[in-house]
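Asks: As a plain string of letters, each chain reads:
2 protein chains.
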Amino acid sequence: MVVYVRGVGRVKVGDIWDKSVLDLARDAASLAMEDANVSKIDYVVVSNMTSLFLNAQGNLATALIDLLNIRAIPITVESACGSGGFAVSEGFRLVKSGARNVLIVGVEKMSDAVTQDVTTAMMMAEDREYTAISGISFVGLNALALDYYLKKFNVLHDDIMMLPVIDHEHASLNPYAQFPYKITLEKVKNSPPIVDPLRLLESSGIGDGAAAVILSSEKGDVEISASETAVDKFRLTERSDPLWLMATDLAARKAYEASNLSPNDIDIVEIHDAFSITGVLSLEDLGFAKKGEGAKLVSSGDIRLNGKLPTNTFGGLKARGHPVGATGVYQVVEIALQLRGDAGENQVDGAKIGLAQNAGAVATSVSVTILEKV
Amino acid sequence: MVVYVRGVGRVKVGDIWDKSVLDLARDAASLAMEDANVSKIDYVVVSNMTSLFLNAQGNLATALIDLLNIRAIPITVESACGSGGFAVSEGFRLVKSGARNVLIVGVEKMSDAVTQDVTTAMMMAEDREYTAISGISFVGLNALALDYYLKKFNVLHDDIMMLPVIDHEHASLNPYAQFPYKITLEKVKNSPPIVDPLRLLESSGIGDGAAAVILSSEKGDVEISASETAVDKFRLTERSDPLWLMATDLAARKAYEASNLSPNDIDIVEIHDAFSITGVLSLEDLGFAKKGEGAKLVSSGDIRLNGKLPTNTFGGLKARGHPVGATGVYQVVEIALQLRGDAGENQVDGAKIGLAQNAGAVATSVSVTILEKV
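Which chain is which? The protein sequence lines are A and B, in order. In terms of this note's numbering, the first sequence is residues 256 to 629. In terms of this note's numbering, the second sequence is residues 256 to 629.
Since the hints were made in silico from the structure, they are not lab data. You may find that some hints are simply not true.
Same chains, same names: a pair is fine if it fits in one copy or spans any two.
Simulated pairs of lysine to any residue, SDA-like, Cα-Cα distance not exceeding 20 Å [said to hold, decoys possible]: (1) 351 <-> 257; (2) 442 <-> 367; (3) 607 <-> 475; (4) 267 <-> 427; (5) 351 <-> 297; (6) 295 <-> 452; (7) 545 <-> 352; (8) 295 <-> 604; (9) 351 <-> 256; (10) 406 <-> 448; (11) 488 <-> 297; (12) 509 <-> 326; (13) 295 <-> 505; (14) 628 <-> 326; (15) 474 <-> 445; (16) 407 <-> 395; (17) 509 <-> 352; (18) 351 <-> 472; (19) 444 <-> 564; (20) 274 <-> 387; (21) 607 <-> 512; (22) 545 <-> 441; (23) 295 <-> 352; (24) 274 <-> 383; (25) 607 <-> 452; (26) 509 <-> 436.
All of these numbers come straight from a predicted model, not from anything done at the bench.
Same shape as in the complex, but just chain A (with noise of 0.2 Å):
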């Protein structure tokens, strides 16, 4: 069975204060049911991680389909701040086994919470007895990979913070992108670290926001050619190279396999850049660069949208937003968007095959998509 995305939703990320987390899934749930002219849905699968910290509110795919007063089969899933890859894979196993119409939304709302509440919801992905108990966040995580990253390949920093100066770029174009604005390379350098040696510049925010796909055995423009997992220890101190994201490659792997695709077939990427390092070691993983070579990369300009390896053609974690649990499924959106041509002022030309990676605590549960015009 063929899995074609027959529609896609979403609503600008940002500090919204006037709607709900319900309000938001139903927004970009209504969105993406009328783009695909579909009335009849067969599950409803939801993203979320933090709703019941921060909201108050949990049973999400049920209250949504009571919201949108259709009648399906409610499925709530969650895997940190990878939930909305592992939503989309669920939806794609269902439509693979027979379901005709899958909706499936990411959905999270931040911003009715104080920052620091916020900050104890994310450090929830990780692994509570041993990591998240000692107080470090998921800054401290990275910006000790970050370190160890520059010193290990002898690296320029410039090059790694050219990856939210080009983020930037693109989410200039993007209507529904949280900042949309461009910062230079200078901007970024002077920003304050917020654990030595990573900058404030180069973190992803928090904001709301929620999106959808329609997931449909109906033939669509775009199709979905293959939506794997993984998981990697929680520990990265059990892990055998804390500089290699284990999940992201291996799911990586299975995901080409299953397309019959290699890194060479791949026009544009979304990577899971929560921090600027994420997506360097990410595009590695991936298999777009060697290890130690992926700030290179980034630096060389190639995943500018008029490069070789478009990335993050809207923006990306760090400019177009990252509402965690919503997060996997704008990438998916915004792929299938670039390959109908319908991504406007974002658009990549000839973009026939797209990747999102989507992971969970420091890359621990990870999903790889990708996505095929028909």
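Following the hints, complete the assembly by docking chain B onto the known chain A.
Replies: Showing chain B alone in chain A's frame:
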């Protein structure tokens, strides 16, 4: 593809102070893997409701895969107090569509919080902006239903209060029950009303627990012939009849149709008796009694272990215990043990077909699973 139950495991429900939510999940999972004698698992499905709020731990399926040191695809699902049944449905679909072994673990760790936090967490299963915000609790919602039922059908409250009495009879034989002792009707009647007319001993308690099943395409002693889910309106005021559990009715009809069975074919039943009235309404909407006659079915004694329709054979939510996200998996474990003839003191002679009903919110999201002896 036929879906078999290859192994089961569960821990005794209670206040388990020395185990974390992940410890509990691992314990149940290990027992099921040992029982099934399998090490290769394709998917790990974990159901839980409150862990993010009460235990500060998300990404449970990923964390469990890490703890078990296996390689598998993680799926974490939530549907309030019905989470466990939804996880079983998820596993059922996965095996139906080609997976070989799926490990399903329901887990909940509620004792590490003050009682008020647990009540707060429970209400997150409801529609936040309409129902929960009013300040009503699930006890209140179910007390309203009980009051209306007593008046509408002119039923004796004593008849309904026999449900916890019989639950405790069954639990008194079950070493895994949270409350393994008998109670008298007098004791239920004299227990304090929490919300009039609902009494303390008509209500399930707070407990920690974990249960696991391994579903497989490889032949076992027990087969799952159907696992269906359905959704009702959240707001009771939008339901055509607040005493009609529409989602239970619909899920049951779908399950009977899928398994080519009728209520007459069912030997044993597990019902979602979070409150006595919920249990009575469930018996009716599963097709075992006409509307208004569920209370008589209870008080007739037919639901005893030696009755015509043994119900909650290990004690049900009231007396085995109700660790919310685990409950639906306990039900399936218990029916599988009955059909295998491994139910010990709780054994129902000649049980060949069993049905489990698990519900989230006021039976807003419901699953019905039918198991058959092979």
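Asks: A separate judgement is required for each hint: does it hold in the structure or not?
Replies: Evaluation of the provided hints:
In this assembly of identical chains, the alpha carbons of residue 351 and residue 257 lie at most 20 Å apart whether taken from the same copy (7 Å) or from different copies (18 Å). Taking CA atoms no more than 20 Å apart as the test, residue 442 paired with residue 367 passes in neither setting, with 29 Å inside one copy and 46 Å between copies. Taking CA atoms no more than 20 Å apart as the test, residue 607 paired with residue 475 passes inside one copy only; the shortest distance there is 14 Å, against 46 Å between copies. Taking the closest pair of Cα atoms, residue 267 and residue 427 come within 20 Å of each other only inside a single copy of the chain (13 Å); across copies the shortest separation is 57 Å, beyond that limit.
Taking CA atoms no more than 20 Å apart as the test, residue 351 paired with residue 297 passes in both settings, with 13 Å inside one copy and 17 Å between copies. In the homo-oligomer, the alpha carbons of residue 295 and residue 452 never lie at most 20 Å apart, since the shortest distance is 51 Å inside one protomer and 42 Å across protomers. With identical chains, the CA atoms of residue 545 and residue 352 are never at most 20 Å apart, being 36 Å at best within one copy and 37 Å at best between copies. For a Cα distance limit of 20 Å, the shortest separation of residue 295 from residue 604 qualifies neither inside one copy, at 34 Å, nor across copies, at 45 Å.
In this assembly of identical chains, residue 351 and residue 256 lie within 20 Å of each other by CA distance both inside one copy and across copies; the values are 5 Å within and 15 Å between. In this assembly of identical chains, the alpha carbons of residue 406 and residue 448 lie at most 20 Å apart only when taken from the same copy (18 Å versus 67 Å across copies). In the homo-oligomer, the alpha carbons of residue 488 and residue 297 lie at most 20 Å apart only across protomers (17 Å), although the nearest pairing inside one protomer, at 35 Å, exceeds that limit. With identical chains, the CA atoms of residue 509 and residue 326 are at most 20 Å apart between copies only, with a shortest distance of 14 Å across copies and 34 Å within one.
In this assembly of identical chains, the alpha carbons of residue 295 and residue 505 lie at most 20 Å apart only when taken from different copies (18 Å versus 35 Å within one copy). In this assembly of identical chains, the alpha carbons of residue 628 and residue 326 never lie at most 20 Å apart, being 31 Å within a copy and 32 Å across copies at closest. In this homomeric assembly, residue 474 and residue 445 never come within 20 Å of each other (Cα to Cα): the closest approach is 50 Å inside a single copy and 64 Å across copies. For a Cα distance limit of 20 Å, the shortest separation of residue 407 from residue 395 inside one copy, 18 Å, qualifies, whereas the shortest one across copies, 61 Å, does not.
Both within a single protomer and between protomers do residue 509 and residue 352 lie at most 20 Å apart by alpha-carbon distance, with minima of 19 Å and 19 Å respectively. Proximity of residue 351 to residue 472 under the C-alpha cut-off of 20 Å is found in both arrangements, the shortest distances being 8 Å within a copy and 18 Å between copies. With identical chains, the CA atoms of residue 444 and residue 564 are never at most 20 Å apart, being 25 Å at best within one copy and 72 Å at best between copies. For the identical chains of this complex, residue 274 and residue 387 are inter-copy neighbours only, at 17 Å across copies versus 31 Å inside a copy, given an alpha-carbon limit of 20 Å.
Only within a single protomer do residue 607 and residue 512 lie at most 20 Å apart by alpha-carbon distance; the minimum there is 18 Å, versus 44 Å between protomers. Taking identical chains as interchangeable, the C-alpha atoms of residue 545 and residue 441 are never at most 20 Å apart, the minima being 27 Å within one chain and 75 Å between chains. In this homomeric assembly, residue 295 and residue 352 come within 20 Å of each other (Cα to Cα) only inside a single copy, at 17 Å, whereas the closest approach across copies is 22 Å. In this assembly of identical chains, the alpha carbons of residue 274 and residue 383 lie at most 20 Å apart only when taken from different copies (13 Å versus 31 Å within one copy).
With identical chains, the CA atoms of residue 607 and residue 452 are never at most 20 Å apart, being 38 Å at best within one copy and 65 Å at best between copies. For the homomeric pair residue 509 and residue 436, neither the shortest alpha-carbon distance inside one copy (36 Å) nor that between copies (52 Å) is at most 20 Å.
In this structure, the hints that do not hold are numbers 2, 6, 7, 8, 14, 15, 19, 22, 25 and 26, in rising order.
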